[in-house]
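> Now for the letters of each chain:
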Amino acid sequence: MADLSVNIGNLHLKNPVTTASGCFGYGPEFDDFIDVNRLGGIFVKGTTGINREGNPYPRMAETPAGMLNSVGLQNKGIDFFISDIYPKIKDYDTQIIVNVSGSTIEEYVEVSGKLNELEKIPAIELNISCPNVKEGGMVFGTHCPSAIRVTEAVRRSYHKTLIVKLSPNVTSIPEFAKAVENAGADAISLINTLLGMAIDAEKRKPVLATVTGGLSGPAIKPVALRMVWEAYRTVNIPVIGIGGIMNAADAIEFMLAGATAIQIGTANFIDPQVTIKVIEGIKSYLDRFKITDVNTLIGCLELPDDFKQYRPPTV
Amino acid sequence: MSKLIQDFEVLKNIKLNSECFILVITPPQPLPEIKPGQFAEIRVDFSPATFLRRPISVYDVDYEKNNLSLLIQVVGEGTKKLSGLKAGETINLIYPLGNSFSLPEGQNALLIGGGIGVAPLLFLGRYLRDFQKQPTFLLGFRCADLMVEITEFEKLGNVYITTDDGTAGEKGLVIRHSILKTDQLDFDIIYTCGPEVMMKAVGKYAVSRGIECEASLENTMACGFGACLCCAQKTIHGNKMVCQDGPVFKTSEIIWQT
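So the sequences go chain by chain: A and B. The working numbering numbers the first residue of the first sequence as 1 and each following residue consecutively. The working numbering numbers the first residue of the second sequence as 1 and each following residue consecutively.
This is chain A alone, in the form it adopts within the complex (with noise of 0.2 Å):
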């Protein structure tokens, strides 16, 4: 049976399939539908400093192929993540990875210093990419010189693996991504979803409290597998792949264009299973091509000769 098991930077996973931070909980509320312990890892719920109530109400609205959320980093916190949510999830035998974010650089230092000190959260993911809060959140993601300060920041106190999550609400990822990996990320996730709005003609009103959201589901896939291609051309630390994966297809799409792991996201509110058949279904791939080593598979899309040496500008 081939090998699944994949490496970002110093960070083992038992395979490439993990969940998207803010798709998956925290992991206990898919218990009744999967085995936790078979993914590769969970990226759970934003957690900032502070317990943050979230948006207003409505916070989605259904769009063609996908979704527009606005939920806003509701989570209670970091201090409660310690005293109530790890000694719960601890035990879980995959990876788990917090995705961390903040108004300030403070706030995000002061969260990655106290995940730091957590046995069994070996990375975190610095959401500098949340389209849905007023201050922070996307303001680091989408200038350049805000992301470099924020990751250099946390890469003083943070001592584990440091994935920083890109938004694709920019008009050059590779300048991001070539930023943050300069500014001492072990790796790279995108895409967090792309700002959008919905509006009810009848009501003449937007469809969300907050007016705009996020956009997700496969209605961005091609998008995110367009930055996820590009971001693999220009660093040399792992990309981990983010947009629209609704199967095992989808998956592989992503780790032909360059990710070495990927996060389902929307696709476990439709399907809480959805995660177990896409690895089911990358074995099947492997098995099918008589491939034994998933890795092989990481950007090995077979390209135009015009397009081999290919490196997108950085700016």
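Simulated from the structure, these hints should not be mistaken for laboratory data. Given the structure is predicted, the values throughout are model-derived calculations rather than measurements. One thing to keep in mind: the hints can contain errors.
Derived pair list, reagent style EDC-like, types lysine to aspartate or glutamate, alpha-carbon separation capped at 20 Å [what the hints assert, rightly or not]:
id, chain 1, residue 1, chain 2, residue 2
1, B, K86, B, D45
2, B, K240, A, D35
3, B, K240, A, E53
4, A, K277, B, D7
Knowing the structure of chain A, use the given hints to seat chain B on it.
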């Protein structure tokens, strides 16, 4: 209680009126215990236009026949597709989801429903009867043509009707019905489900009469089991998730939007 994801076979699709239909469905295994107020997330199909599941409350449960009934109103593409399901076809459900209505200490319960909001009240009425409680129904509809199977409710207790146009029962809103004005009726609890403005008014009425009141909410959600955090409801205890902390809340704890 664990949540299940199962394929159900459609046994019957009963058209009630121009907007509403009942799906009678059966799972391959015996149904788990389902409580009144709980709901299911139904997968419509695999098309991009109806991407997410649809949360639908349980209308009735027949454990002997191993059947579940869902009363559904066509409001958009998803429910329209569900309305076309035929006997023998399959639908996928995640269920049972959410909390449930609580059992009253006293005997007499008033169940106030508006439009498709009557859906969870039949099963609740049956449940109350199982515990020797007496349900009374006050159901509001836009017009007589859009009423659902009132005879089923009448098997469980007295039924009072209002319609917006007066084609059945009293004309006007449920909250203006004459039974609410009399002092002869003595209810220990009020349960309500329907449009937010109606539930808010019912909650206010309950406070004025010093009666406990529970409402079932239907905030839009993506998952139904506590992962997406989209269905937040403002309460006096902060944001609560309708899918997990609800859908049933004490009206005294809800901070209404309207």
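> Each hint: holds or not?
Structure-based check of each hint:
no.	hint	in the structure
1	K86(B) to D45(B)	14 Å, holds
2	K240(B) to D35(A)	27 Å, violated
3	K240(B) to E53(A)	10 Å, holds
4	K277(A) to D7(B)	17 Å, holds
Violated hint for the displayed structure: number 2, the only one.
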